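**Student:** Here is what each chain is made of, one letter per residue.
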Amino acid sequence: MNDFYLEFIVFFPLVAAVAILLGSPARFTALAAMGVNALATLMVALKFQVRGSGEQMFPFQFNSSHTMLDGIAGLPKISLAFGVDGISLILLILTAIVGLAAVWVSPSESAIRGQRDNSPKLYYTSLLFIVAGAIGAFLSTDLFFFFAFHELALIPTFLMIGIFGHGKDRVRNAWTITIYLGVGSLVLLAGLIGLYLSLGGATTSLVEMQALANGDGIAAGAQKWIFLLLLLGFGVLVSLFPLHTWAPAAYASAPTPVAMLHSGVLKKFGLYGLIRIALPMLPIGFADWQNLLLVLLLGNIIIIGLVTVAQKRLDLMLGYSSVMHMGFAFLGIASANIIGVSGAVMLMFAHGCSIALQFALCGQLRDRLPSLDFDRNGGLGKKIPALGLLFGFGAFASIGLPGFANFVSEIMVFFGSFKRYFDNPEEGIRFITIAGMIGLWGVVISAVYMLRAYRKMFMGSPSKLSGDTSGLTDLTWAERLPLLLLVIALMIIGFRPGIFLELLTPTLESMARLSGQL
Amino acid sequence: MTNAETLPWIILLLPLLSAAVILLFTRKSSSVSALISVGSVIATLVLAIGFRRLPEGAESAALPWIDLGETFRVAFGITIDSLSKGMLLVVTVIGTLVHIFSLGYMKDDAGKSRYFAGLSLFMFSMTGIVMANNFLMMFVFWELVGVSSYILIGHWFEKDSAADASKKAFITNRIGDFGFAIGILLVWCITKSLDFGEIQIFLTGPNAAGVNAGLLTAAALLVFMGTVGKSAQLPLHVWLPDAMEGPTPVSALIHAATMVAAGVYMLARVAFLIGASEFAAFTITWVGAITALVAALMATQQNDIKRILAYSTLSQLGYMVMAVGAGSPEAGMFHLYTHAFFKALLFLGAGAIIYSCHHEQDIWKMGGLRKKMPLTFLTFVIGTAALCAFPWITSGFWSKEAVLLAAWQYNAGVFYIAAFVAALTTFYMTRLVIVAFFGKPRTDAADHAKEVPAVMWAPLAILAVMSLLSAVPTISDAMSAQVPGHGEAHSTLAEHKGDHAVTEAALAETTSETAAEKPVAESETHAVAEADHAKHPSVVLYASLFTLVVGFIGAIFYYRGQSRDPIRIGVFANKFYVDELYALIVRFVQDLTASVLAGFDKYLIDGLFARLPSAGAYGIGNALRRLQGGNLQSYAFLFGLGIVIVLYIVLGR
Numbered sequence: 010m011n012d013f014y015l016e017f018i019v020f021f022p023l024v025a026a027v028a029i030l031l032g033s034p035a036r037f038t039a040l041a042a043m044g045v046n047a048l049a050t051l052m053v054a055l056k057f058q059v060r061g062s063g064e065q066m067f068p069f070q071f072n073s074s075h076t077m078l079d080g081i082a083g084l085p086k087i088s089l090a091f092g093v094d095g096i097s098l099i100l101l102i103l104t105a106i107v108g109l110a111a112v113w114v115s116p117s118e119s120a121i122r123g124q125r126d127n128s129p130k131l132y133y134t135s136l137l138f139i140v141a142g143a144i145g146a147f148l149s150t151d152l153f154f155f156f157a158f159h160e161l162a163l164i165p166t167f168l169m170i171g172i173f174g175h176g177k178d179r180v181r182n183a184w185t186i187t188i189y190l191g192v193g194s195l196v197l198l199a200g201l202i203g204l205y206l207s208l209g210g211a212t213t214s215l216v217e218m219q220a221l222a223n224g225d226g227i228a229a230g231a232q233k234w235i236f237l238l239l240l241l242g243f244g245v246l247v248s249l250f251p252l253h254t255w256a257p258a259a260y261a262s263a264p265t266p267v268a269m270l271h272s273g274v275l276k277k278f279g280l281y282g283l284i285r286i287a288l289p290m291l292p293i294g295f296a297d298w299q300n301l302l303l304v305l306l307l308g309n310i311i312i313i314g315l316v317t318v319a320q321k322r323l324d325l326m327l328g329y330s331s332v333m334h335m336g337f338a339f340l341g342i343a344s345a346n347i348i349g350v351s352g353a354v355m356l357m358f359a360h361g362c363s364i365a366l367q368f369a370l371c372g373q374l375r376d377r378l379p380s381l382d383f384d385r386n387g388g389l390g391k392k393i394p395a396l397g398l399l400f401g402f403g404a405f406a407s408i409g410l411p412g413f414a415n416f417v418s419e420i421m422v423f424f425g426s427f428k429r430y431f432d433n434p435e436e437g438i439r440f441i442t443i444a445g446m447i448g449l450w451g452v453v454i455s456a457v458y459m460l461r462a463y464r465k466m467f468m469g470s471p472s473k474l475s476g477d478t479s480g481l482t483d484l485t486w487a488e489r490l491p492l493l494l495l496v497i498a499l500m501i502i503g504f505r506p507g508i509f510l511e512l513l514t515p516t517l518e519s520m521a522r523l524s525g526q527l
Numbered sequence: 098m099t100n101a102e103t104l105p106w107i108i109l110l111l112p113l114l115s116a117a118v119i120l121l122f123t124r125k126s127s128s129v130s131a132l133i134s135v136g137s138v139i140a141t142l143v144l145a146i147g148f149r150r151l152p153e154g155a156e157s158a159a160l161p162w163i164d165l166g167e168t169f170r171v172a173f174g175i176t177i178d179s180l181s182k183g184m185l186l187v188v189t190v191i192g193t194l195v196h197i198f199s200l201g202y203m204k205d206d207a208g209k210s211r212y213f214a215g216l217s218l219f220m221f222s223m224t225g226i227v228m229a230n231n232f233l234m235m236f237v238f239w240e241l242v243g244v245s246s247y248i249l250i251g252h253w254f255e256k257d258s259a260a261d262a263s264k265k266a267f268i269t270n271r272i273g274d275f276g277f278a279i280g281i282l283l284v285w286c287i288t289k290s291l292d293f294g295e296i297q298i299f300l301t302g303p304n305a306a307g308v309n310a311g312l313l314t315a316a317a318l319l320v321f322m323g324t325v326g327k328s329a330q331l332p333l334h335v336w337l338p339d340a341m342e343g344p345t346p347v348s349a350l351i352h353a354a355t356m357v358a359a360g361v362y363m364l365a366r367v368a369f370l371i372g373a374s375e376f377a378a379f380t381i382t383w384v385g386a387i388t389a390l391v392a393a394l395m396a397t398q399q400n401d402i403k404r405i406l407a408y409s410t411l412s413q414l415g416y417m418v419m420a421v422g423a424g425s426p427e428a429g430m431f432h433l434y435t436h437a438f439f440k441a442l443l444f445l446g447a448g449a450i451i452y453s454c455h456h457e458q459d460i461w462k463m464g465g466l467r468k469k470m471p472l473t474f475l476t477f478v479i480g481t482a483a484l485c486a487f488p489w490i491t492s493g494f495w496s497k498e499a500v501l502l503a504a505w506q507y508n509a510g511v512f513y514i515a516a517f518v519a520a521l522t523t524f525y526m527t528r529l530v531i532v533a534f535f536g537k538p539r540t541d542a543a544d545h546a547k548e549v550p551a552v553m554w555a556p557l558a559i560l561a562v563m564s565l566l567s568a569v570p571t572i573s574d575a576m577s578a579q580v581p582g583h584g585e586a587h588s589t590l591a592e593h594k595g596d597h598a599v600t601e602a603a604l605a606e607t608t609s610e611t612a613a614e615k616p617v618a619e620s621e622t623h624a625v626a627e628a629d630h631a632k633h634p635s636v637v638l639y640a641s642l643f644t645l646v647v648g649f650i651g652a653i654f655y656y657r658g659q660s661r662d663p664i665r666i667g668v669f670a671n672k673f674y675v676d677e678l679y680a681l682i683v684r685f686v687q688d689l690t691a692s693v694l695a696g697f698d699k700y701l702i703d704g705l706f707a708r709l710p711s712a713g714a715y716g717i718g719n720a721l722r723r724l725q726g727g728n729l730q731s732y733a734f735l736f737g738l739g740i741v742i743v744l745y746i747v748l749g750r
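Going down the list, the sequences are from chains A and B.
Going by this note's numbering, the letters in the first sequence line up with residues 10 to 527, in that order.
Going by this note's numbering, the letters in the second sequence line up with residues 98 to 750, in that order.
Hints are computed from structural coordinates only; laboratory data are not their basis.
This list has only true hints and no planted wrong ones.
Now the stretches of chain B that chain A is said to cover, found in silico as 3 or more residues with beta-carbon under 8 Å: (1) 158–172; (2) 250–258; (3) 273–285; (4) 679–690.
Restraint-style ranges between C-beta atoms, simulated for each label pair: (5) A:A395 x B:A555: 33 to 41 Å; (6) B:K204 x A:S128: 54 to 62 Å; (7) A:S128 x B:S692: 35 to 43 Å; (8) A:P394 x B:L114: 20 to 28 Å.
Remember, predicted model here, so these are calculated numbers, not experimental data.
Ideal Cβ positions, reconstructed from N, Cα and C, are used throughout, including at glycine.
Please take these sequences and the hints and turn them into a complete structure.
**Tutor:** Have a look at this one:
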């Protein structure tokens with residue numbers, strides 16, 4: 010099945026970006042490109058064979074490979090290779106949905122010009138680059154492009170925060186995230202190179218690297234430090250405690266679609282890398298650092314959870330909540346079994362949609378209100394009921410209410426963390442299971458901050474400090490559609506998680522069979 | 098397709114459909130919304146009667162939900178047994194009456210569509226709890242009743258107190274659910290299953306011997322934490338009185354009759370789990386007893402009519418929990434059923450009063466309503482009689498006897514507490530009736546009160562009849578609880594009074610049977626001891642008559658002809674200052690920790706990992722800008738270029 014679907018999905022946004030630069034109407038072109046991409050993604054999903062073809066060693070489908078560098082200047086063979094399996098298909102769907110919603114909620118061209126006389130062309134091409142980079146990273150089956158596509162997405166992210174961002178600190182925050190993620194990327198790069206070299210330096214193909222890792226494996230000592238580098242590098246990108254402080258401020262400054270795309274999609278790259286590369290290729294390294302990971306992810310859930318409670322502004326609160334929820338995803342990965350890792354992948358999707366929804370709503374509120382401070386708002390549910398209702402959906406999705414994908418994901422993560430004890434009751438309750446118990450308290454914490462925020466913004470009487478809200482307008486239907494898209498995605502998977510689990514199980518089973526992990 | 102396969106699913110999904118239709122299509126036309134919601138609840142009531150006819154243990158279609166192959170599989174399935182049949186009937190009957198009552202009560206409310214959508218969502222969630230055949234499914238609907246309760250408590254969300262109350266209810270319940278979830282996970286690890294039937298087989302089978310007893314106790318108690326939250330037991334009881342901020346029909350349906358009883362229902366459903374751990378049973382019994390006592394004490398000093406009823410509900414829920422813990426889930430469920438009717442009646446009666454008195458809820462600002470609202474008065478008195486366990490003719494008498502009996506068999510201390518609570522119950526309810534209905538109207542609002550329209554008094558009348566009728570054998574039999582895993586061939590308490598010979602002999606017979614059906618896990622000596630106790634059941638009857646008289650006379654003595662409360666007990670009136678204590682904990686433990694951590698995060702972590710390096714980089718950036726006239730774009734370009742160069746150097750070796 011060597012169709013060109015995947016190349017198309019990766020490069021079509023870039024083609025659209027070029028078209029915009031050449032004078033095609035920016036918003037229309039970008040929106041159309043995202044619509045086409047969503048359709049192509051749907052095609053891939055429909056043509057995707059749930060059970061792979063026979064006893065395939067790696068369940069990548071739609072494989073394609075174009076050699077880019079072959080022995081030139083002593084460099085290894087690097088191929089632009091794409092493939093999709095259950096995990097990357099889910100992330101591809103996530104990108105298609107959030108990408109479409111993010112471009113949709115972006116301001117009109119005149120509004121962009123109105124803001125400090127900025128260029129709509131730059132705005133929309135940057136968004137398209139972010140989307141293309143994210144898709145490329147998820148679909149690449151070559152280590153080099155896996156990394157490079159992610160960098161391709163990061164650069165316009167930085168640009169957009171600095172140029173189109175909110176608040177007087179936007180440039181400073183753009184720098185912070187640039188440096189922070191840049192350093193993280195370098196640590197990651199060092200780890201990836203270490204991995205590459207310790208596998209003999211012969212191939213950058215993920216499939217071949219995995220086969221080598223399964224064969225002789227990597228020496229325990231090497232696994233130890235490579236895994237640490239990968240954990241820290243990916244960790245920075247996913248805002249693993251305590252490497253998270255770039256996130257809330259950057260999201261608060263970021264233009265709405267960038268906050269949606271980065272927190273919803275791009276950030277998942279780190280988790281994806283851990284699942285795709287670190288966990289299956291470095292089982293010994295994982296075992297070495299599992300306890301560290303557990304301690305840090307509890308930092309995400311409990312410490313950052315409480316920090317979120319202390320926030321007094323909606324955008325910062327959402328930024329911190331997004332950091333906090335990554336702890337649950339890490340927990341699923343740290344349990345290193347099929348239930349937990351499936352839960353983590355499901356959570357990437359669920360969190361991606363729900364945080365994108367919440368940042369989109371936050372953007373709508375920012376456009377309407379003089380302030381996002383909790384103390385300066387209140388009672389908005391009466392004035393803008395549709396926005397209030399959708400915010401309620403976002404809040405309850407994020408809290409993990411059954412019916413939304415978030416619930417089933419979190420449940421699976423927790424069952425994953427208890428699986429060790431389930432399988433081996435004789436060895437007693439291990440740290441992973443205790444971490445699951447402690448992590449469950451995070452479910453209480455997230456209810457505290459989310460309902461507090463909802464209470465302060467939308468319920469009760471308006472604050473005395475709130476400005477004039479008489480002219481508030483509710484969401485128009487055009488504004489509601491992208492938000493509804495996200496809500497519907499969350500609910501479909503919440504009601505029928507089987508749609509995704511069916512995709513995940515064969516992939517994870519094959520990973521488990523091959524690597525002895527999971 | 099048999100009935101058993103599809104009927105439960107229709108019952109379950111109909112209210113969800115109703116909620117969805119209202120949300121999506123009829124939000125603007127509130128009367129249509131109300132009709133849809135009422136129509137759906139009446140339909141489910143009719144179908145619930147059909148559900149009763151399904152054969153016990155019939156297989157219904159299972160709906161796969163999470164399926165990871167052999168590793169992990171969860172499906173939604175339906176339990177069809179007498180427990181779910183009885184509970185479903187209670188939920189749909191009261192649900193229907195409350196829906197109809199709401200047509201009047203919420204007639205002119207601006208958020209009528211939202212209200213009825215919330216009610217339908219609640220009916221869906223509650224039905225799911227009743228029908229669940231496994232722990233995870235129950236947990237799903239457990240959470241969903243939580244959110245429907247949130248929506249309905251916060252119906253008048255512009256009111257600060259309602260907004261706070263809904264938030265408090267949800268969060269307090271989440272704390273309970275925290276334990277509940279860990280309990281479920283532990284049970285899963287111990288028994289390798291989430292299915293109630295399979296767990297029961299495991300725990301009553303030969304494998305149970307190999308289970309770590311401490312772990313099993315922990316699991317049972319953690320599961321019980323779910324009940325503590327949902328059924329508002331001490332120390333998580335604080336949300337229920339505040340939940341009275343919701344519209345009164347909601348209080349009747351959710352916060353008196355059904356949702357808060359879900360905790361008891363769940364305990365009865367997993368009675369085998371409690372039976373497997375004596376310490377867990379002990380704890381549960383005492384938590385129930387203490388809740389019953391403390392809540393009754395607080396009820397004696399409340400002035401808000403709904404709050405009196407709310408504390409009364411807490412207290413009665415304590416009774417039920419106590420009975421389940423004491424090894425008699427039948428008694429707990431029996432009391433749940435009867436209580437559901439008469440407490441719904443009392444709440445709706447209170448709603449009628451509040452409606453007529455222009456939203457006045459302070460009983461000291463009422464008075465003389467007996468003449469103004471005779472139908473409401475009559476039905477309210479019937480409800481009160483049932484709650485006070487007026488002998489022989491009220492349903493409450495029979496169920497409370499069963500509860501007291503269970504307490505008597507368990508432990509004398511528990512029994513005396515339960516009996517004292519019975520006296521307190523009569524005392525505070527008599528106080529309420531005297532102050533609100535007798536004497537002269539003390540305010541204009543009370544003076545101008547009028548009887549409510551038929552759409553509101555008709556449900557009251559029906560509930561009143563049911564509060565009395567359920568003392569009739571066939572009805573009480575229909576309401577009787579057979580608790581699975583607790584003696585399958587068990588003929589219920591209610592049946593035993595079938596001959597209406599309310600003699601000691603009858604009670605003794607019941608008792609000996611109950612004692613004979615102790616869970617397998619319980620030691621024989623225990624059973625013998627109980628059989629010994631059972632020889633003196635007359636104590637139960639005398640105690641219940643005595644406490645009724647004492648409470649009644651006490652209340653008459655203190656409150657007849659009073660226009661203000663002659664008794665002032667600050668500790669009770671202020672609810673033992675528990676709310677204040679929790680507020681302090683929230684402020685000084687949670688929020689202070691949160692602020693400290695936020696500061697720590699902002700200054701220390703951020704400084705260490707971000708500000709310091711970025712300040713340096715910003716300086717370099719500035720320098721670059723001066724050197725090259727560059728800006729962020731050019732930096733980003735350099736950044737990308739740099740990575741390519743580094744890659745090239747490293748990879749190229």
